[in-house]
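Each chain is listed here by its residues.
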Amino acid sequence: MTLTLHGVGYRYAGADQPSLLDIDLELRDGEVVGVAGASEAGKTTLCLVASGLAPRTVGGRIRGTILLDGENVDAWPMHRLSGRIGMGFQNPSTQLSQVAGTVFEEVAFGPMNFGLPHDDVVARTWQALHALCIDDLAERDPQRLSGGQQQLVAMAGLLALRPAHLVLDEPTAQLDPAGTRLVADAIAVLAADGASIIVAEQKTDLLAEVAIRVVVLDGGRVAMAGPAGEVLADPRLTQLGVSPPSAIRLRRAAEAAGIDPERLRG
Amino acid sequence: MAGRERLTNPPLMNRGVPEIVGRPGPTAYHRLNPLTKATLATITAVAAVVLGGLVGPVVLVLVAVIGPAIVAGVLLRLIRTALLLSLPIAISAFLVNLFFFPDGVTVLLRIGPITATAEGLAFALEILARIVAISGAVTLFYLTTPPADLVVDLERRGVSPRIGFVANASVQTVPAMVERAVQITAAQRARGLDTEGSLWRRVRGIVPIVGPVILGSIAEVEERTMALEARGFARPGRRTLLWSPPDTVFQSALRWGLLVALLALIVARMTGVWA
Amino acid sequence: MVIRWIVALVAFLIMVFVGIAGFGNFETGIDPDNFFDAEGANSFALIGAIALVVAFVAYAATEYAQTRAFTSISSQFDTRTIVLMPIAIAINIILGATVANALKIPVYLDSIGTILVGALAGPIPGALTGLLSNLLWTYVLPPPFQNGPAAAFAIVAAVIGLLAGFVGRMGWLRPRPNRPIGQLGVGAVLSVGVIGAMAWLAYLGWTSPAFSGEVNFNVEGSDAIFTVLGWLVMLLVAGTIVGLLAVLFIRRDLTAAYVVVAGLGTGIIAALISAPISANVFSGVTGGGTDFLVAALRQAGADIGAATLGQGLISDPIDKITTFFVVYLILSAMARRTKARFPQGERLIDADQPSTDEEGEWRGASA
Chain W
1 MTLTLHGVGY RYAGADQPSL LDIDLELRDG EVVGVAGASE AGKTTLCLVA SGLAPRTVGG
61 RIRGTILLDG ENVDAWPMHR LSGRIGMGFQ NPSTQLSQVA GTVFEEVAFG PMNFGLPHDD
121 VVARTWQALH ALCIDDLAER DPQRLSGGQQ QLVAMAGLLA LRPAHLVLDE PTAQLDPAGT
181 RLVADAIAVL AADGASIIVA EQKTDLLAEV AIRVVVLDGG RVAMAGPAGE VLADPRLTQL
241 GVSPPSAIRL RRAAEAAGID PERLRG
Chain H
267 MAGRERLTNP PLMNRGVPEI VGRPGPTAYH RLNPLTKATL ATITAVAAVV LGGLVGPVVL
327 VLVAVIGPAI VAGVLLRLIR TALLLSLPIA ISAFLVNLFF FPDGVTVLLR IGPITATAEG
387 LAFALEILAR IVAISGAVTL FYLTTPPADL VVDLERRGVS PRIGFVANAS VQTVPAMVER
447 AVQITAAQRA RGLDTEGSLW RRVRGIVPIV GPVILGSIAE VEERTMALEA RGFARPGRRT
507 LLWSPPDTVF QSALRWGLLV ALLALIVARM TGVWA
Chain U
542 MVIRWIVALV AFLIMVFVGI AGFGNFETGI DPDNFFDAEG ANSFALIGAI ALVVAFVAYA
602 ATEYAQTRAF TSISSQFDTR TIVLMPIAIA INIILGATVA NALKIPVYLD SIGTILVGAL
662 AGPIPGALTG LLSNLLWTYV LPPPFQNGPA AAFAIVAAVI GLLAGFVGRM GWLRPRPNRP
722 IGQLGVGAVL SVGVIGAMAW LAYLGWTSPA FSGEVNFNVE GSDAIFTVLG WLVMLLVAGT
782 IVGLLAVLFI RRDLTAAYVV VAGLGTGIIA ALISAPISAN VFSGVTGGGT DFLVAALRQA
842 GADIGAATLG QGLISDPIDK ITTFFVVYLI LSAMARRTKA RFPQGERLID ADQPSTDEEG
902 EWRGASA
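Chains as they are written, first to last, in the working numbering: chain W, 1 to 266; chain H, 267 to 541; chain U, 542 to 908.
Quick caveat, the hints were computed from the structure, so don't treat them as lab data. Heads up, none of these hints are tricks.
Label pairs and their calculated CB-CB ranges: (1) Trp-509/H / Arg-221/W: 48 to 56 angstroms; (2) Leu-676/U / Asp-193/W: 40 to 48 angstroms; (3) Ile-345/H / Gly-784/U: 40 to 48 angstroms; (4) Glu-40/W / Gly-458/H: 30 to 38 angstroms; (5) Gly-784/U / Asp-135/W: 54 to 62 angstroms; (6) Glu-26/W / Ala-606/U: 45 to 53 angstroms; (7) Thr-65/W / Glu-445/H: 41 to 49 angstroms; (8) Ala-485/H / Ala-38/W: 18 to 26 angstroms; (9) Glu-445/H / Gly-905/U: 37 to 45 angstroms; (10) Glu-285/H / Asp-29/W: 37 to 45 angstroms; (11) Arg-877/U / Glu-40/W: 16 to 24 angstroms; (12) Cys-133/W / Pro-502/H: 32 to 40 angstroms; (13) Asp-135/W / Leu-481/H: 37 to 45 angstroms; (14) Leu-554/U / Arg-457/H: 52 to 60 angstroms.
Rough simulated footprint, nothing fancy, chain U against chain H, three-plus residues with beta-carbon under 8 angstroms: (15) 353–359; (16) 403–416; (17) 420–434; (18) 483–494.
Computed from a prediction, not measured in an experiment: that's the story for all the values here. Glycine is no exception: its CB is placed at the ideal position from the N, C-alpha and C atoms.
Work the whole structure out from these sequences, hints included.
Here's what the structure looks like:
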């Protein structure tokens, strides 16, 4: 299942200027594409457009085409699209449905909404929990978990729908370092298992770890795109307001101080 | 497909819904269908009003409140909670009626310009009995029925899942909002907000707390809407339920029987058949 | 379409007939053995409210029979509204419980959420918010929030939500800033006039035996309390007028006048419906700060029906005007974009700012 954005632009309702212009993006099966950019560069908007929430739920106006395996999804209602593309958000607690007393019911929420047979719902829920290694959280109260754990529960809730693609908007932005580690590891595991993910992040370390390709946004347009290694090592990154991964920063600092970076490797 | 390897691991297919979800209650009364318990509570409350007098509500309390409470093993908690619930009203009702009963003639006590009358006392006792019946019935329901159980049962019977969502989410939102208010209060206090002192000061102090709590909650609406729709919430049609409380023919007959009895009582009252 | 409204109207009239005929058989006046009685006029509003519910059911049934769906109703219930409702219900319950249990003041403050949903989403969501708030408040919330009497007033809350929905739909809550003094003056005069008229009617009513059948103040025996009460009422009315004028002329927002009128109207209707419930079911005592008012009125010689109605006509308008103001403040604090996506959001936005959506290759959501 390939997700294709072609010439996509988007403008929020009541806004003078478009937030996205001329976006071309392709996500194939098994790929992880990173989206980097300064704040307000359009990362969140791109995620909303890719998942279909913009313009369906959020309003606003769109142009260009979005194709799922070559089929134009313009006329698809949100609930149909949500079965193919799952979207995760920054804030872990507002993703909770607030109607589930246990993590199990929380993760089962999506499949329940789709009216799947009872046994299917149960099987998918356990599988999603297992995929993120949170089986042991099944009986816990989701409101009482840490931010990182809640973010994992939210992701499990998306996985239970067996989407073809995942779109994650800065999943670690509101987490403490422990939570960030937890979620980053989970994303790495999913990536290793062959998931298709668009992940937007300010923390380029995460992108360096999992992304095959990276797209850098600036002012709603694609400023740079290419293989992750190249883009993240590109010196223009800082000009675009993006902090390079720590490995790159360390290397550059070493070079600036006159130390041979190769000798830093232990 | 996302995470395909791990998602198709066969051994997991044998696990069922965790026990904790929809766990049956500890006693036979708990295990009654939630709609039955709700019907009982409502009919008891309405009947207490319709019957009037002193004997009626007292009998109701014994039969429909105390009795089941003993079966359910919650008698002590019931008494404590019902008292907590009804005490402010009970005191107000008692005093107001004792002293301010307009048709009172037989004077019992005179304190300055206000007098307590025997008729007022009788009236006050009957109001008290009614209040005890209502709060007892409602408390019994609350103590023996998790709200989610009732919502699931109603949804099984055809109530829209959206209404069920609103009911369930409301129950979780109230304590969450209070917690947020507590946090904001602590933060505002750290910034010098005065929460002690005169009534006027306290009322003024409420605004910097209530404002952020309300506006903060409303600001979350957009995010929550998106998150729900991203999980198929807006899909028309019924949804699958993980479990639902069992129901029996006997209980169904009981509910209808009670409803009919109540209607008969109301009609009898209205047409004056029953004094 | 028209058929549905006709069916609803017919159902409404039938219910009103049945209600009057049924209640009319009663003796008025208090009989210690029989509390299930009802004063004539006071109960009309309650009958009306019940008839409204029946009419709604008839409307829905007709629509279902015609189209096998409830589109005109369910279109008011998009996801955003569903998400807002629990928050609104929580606001209702928390504020209402605080006022009822902690602050013994003669107002309720338990409808802010209901009116907010009514304004943003429409009459039916507003009504449902009110209904559910009261039901959950009694049956489901644990102490210290639980409030026993609340469920009996669920129908009052539903009607309040309904009215708020219509107020929003008519565009009354649209901001009207920077109006010339002339318009503000007219608004001030009109609303002061309305308030004055209501106060005058209430005064007339209290002293006239024709009002609701059985009002009879025993003025000789209780001059003092009655006088105090009178002063209190005048103070509240004066305070409302002063507050209204302040907002009108300091913020220069004409909507303040609309807010006051909406609050007043809703308050009076709410008082009319809740009085018979309070009188017959709880004998005027519900545990809040309003009980003292009722007691004072009864001491002045009013019977239970008149006392609860009198208390309601003081507390409810104040409460609802305050609530509408608070809702208006909340709406002003929300971003345009946030409001716009709600079903009635467009009617709450300042119409002066033009929409910048041009067509061409930019398209909105088709699904």
